[in-house]
Amino acid sequence: MSWERILEEVLRQAGLWASAVIFLAPLRKRAGNVWARGALCAVMGSALRLAAAAALAQGGVVLAAGVDAVVSYLAVLLLFSLCADLPVKAVFYCGLWTVMVYGLAENIGEMIRRGLEGFSPAAAAAAETVFWCAVLAAVGLTAARWMPDNRSYHTGPRQLTSAFLLWALFLGIDLFYMSGRMTAGWSGWVVMMLIQCHCATVLYLQHELFQKSAIRQELDMLNRLWLQHKNQYDLSKENITLINRKCHDLKHQIKAMRLLFTDESREKYLREMEQSVRIYEVLAKTGNEVLDTVLTEKSLYCEANGIQANCVADGRLLSFMDPVDLYTILGNAMDNAIESVKENADREKRIIDVLIHAQKQMMLIQVMNPMNQELTFDEEGLPISTKEQNGYHGFGLKSIRHTVKKYGGFLTVRTDNGIFCLQILIPMPRQEEQK
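Residue numbers for the sequence shown, in our numbering: 225 to 659.
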């Protein structure tokens, strides 16, 4: 075998695995020695490709190319399955991107090599190698880095089906050219390359459209949650006002009954009744009506479920925020804390601490509570829910983060010694801007 043929085969094998690596590199990896598993997979895959090519050497170019494409795809699937922490559909999707980029680079590289072979075989091989490196570097620094969402792919059935159809067209035009039924020479080659480039472009545009559609759906969900919070705030405000009025009336009625009755048992009954009324009379007074509504509403729930809620807050500092936005942030934060502690078997750990104060022109909102279990965080620093992902579940912290960003603020979550801490920092406007 000539050195040109050996170099061509080495380039083919290395090109496939280099294509896989550029799509694997930005992804979240599985635990363990990923690159050792990847190297072993590459060796096994290359051996399988060479064996298939040798077995089909007498079967014709089209059959050999078709089998090689399928074997290459299966080998790449194994690589992503062993090395990347991806859903099954995402593994198939990454494999399609790998073999398509590999096929495109291989065909254009071969066109360059054939065009230069008449001048110098060594220069032709060098030019092909340089082109391979340039194409893979360009894809690795652009599309392969831009497409993953949080170091993963969220591929649905429609997107995966569409990608398979594009790859089938991509591979079909390649095999059709090899069969000799397409115009030979440079014109046929150019037509084939244009169609294949078009397939790759459409695949990328399709990915962007599906990704934008997912973002739009999430934004619609957050907007619906915002409207729900607005309606809930209005209802809570009315309910608390009604409770306050009724409690005020009951206090006067109890006072009147004391003047009319002196019996000891009746006095005991009245004390119990008065104590019950006080539970509903403990309204938060922070200087901010929205904050008072949230804290009172959640405190009533905590009182009924044996949860101790502590709050230190200067509500006047929050006057620059839209009422519904403020209700969304604090309501979701308190709901998450309540959900976390209410099932705790140790009643002494059913505690929620809320702190709101200013720090150097920054508003700090901090909600802390004990944890029942260790949490796993995603790439954005948010806890991964342990419950089923249905309905609106899992959107609480996303809704808080979305609202905080409207004010140029930041949301951070941390755990320390069994304590969950949600911190929000929001720049405070200057006094003249508030006025």
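Think of the hints as simulated: they come from the structure by calculation, not from any bench.
Given the structure is predicted, the values throughout are model-derived calculations rather than measurements.
Be aware that a few hints might be false.
The calculated label-pair distances, taken between Cβ atoms and stated as ranges, are [unchecked claim]: (1) Gly256 - Ile419: 40 to 46 Å; (2) Glu513 - Leu429: 27 to 33 Å; (3) Gly339 - Ala279: 29 to 35 Å; (4) Asn374 - Ala277: 34 to 40 Å; (5) Met268 - Glu572: 40 to 46 Å; (6) Phe544 - Leu306: 25 to 31 Å; (7) Gln583 - Leu389: 31 to 37 Å; (8) Gly605 - Leu306: 26 to 32 Å; (9) Asn529 - Val312: 36 to 42 Å; (10) Leu389 - Gly605: 17 to 23 Å; (11) Pro311 - Arg440: 36 to 42 Å.
Note that CB positions come from ideal geometry on N, CA and C, so glycine has one too.
To see whether the hints hold, each was checked on the structure:
no. : hint                        : in the structure
1   : Gly256 - Ile419: 40 to 46 Å : holds (41 Å)
2   : Glu513 - Leu429: 27 to 33 Å : violated (49 Å)
3   : Gly339 - Ala279: 29 to 35 Å : holds (31 Å)
4   : Asn374 - Ala277: 34 to 40 Å : holds (39 Å)
5   : Met268 - Glu572: 40 to 46 Å : violated (57 Å)
6   : Phe544 - Leu306: 25 to 31 Å : violated (52 Å)
7   : Gln583 - Leu389: 31 to 37 Å : violated (56 Å)
8   : Gly605 - Leu306: 26 to 32 Å : holds (28 Å)
9   : Asn529 - Val312: 36 to 42 Å : holds (41 Å)
10  : Leu389 - Gly605: 17 to 23 Å : violated (37 Å)
11  : Pro311 - Arg440: 36 to 42 Å : violated (21 Å)
Going down the numbered hints, you'll see the structure goes against 2, 5, 6, 7, 10 and 11, while the others check out.
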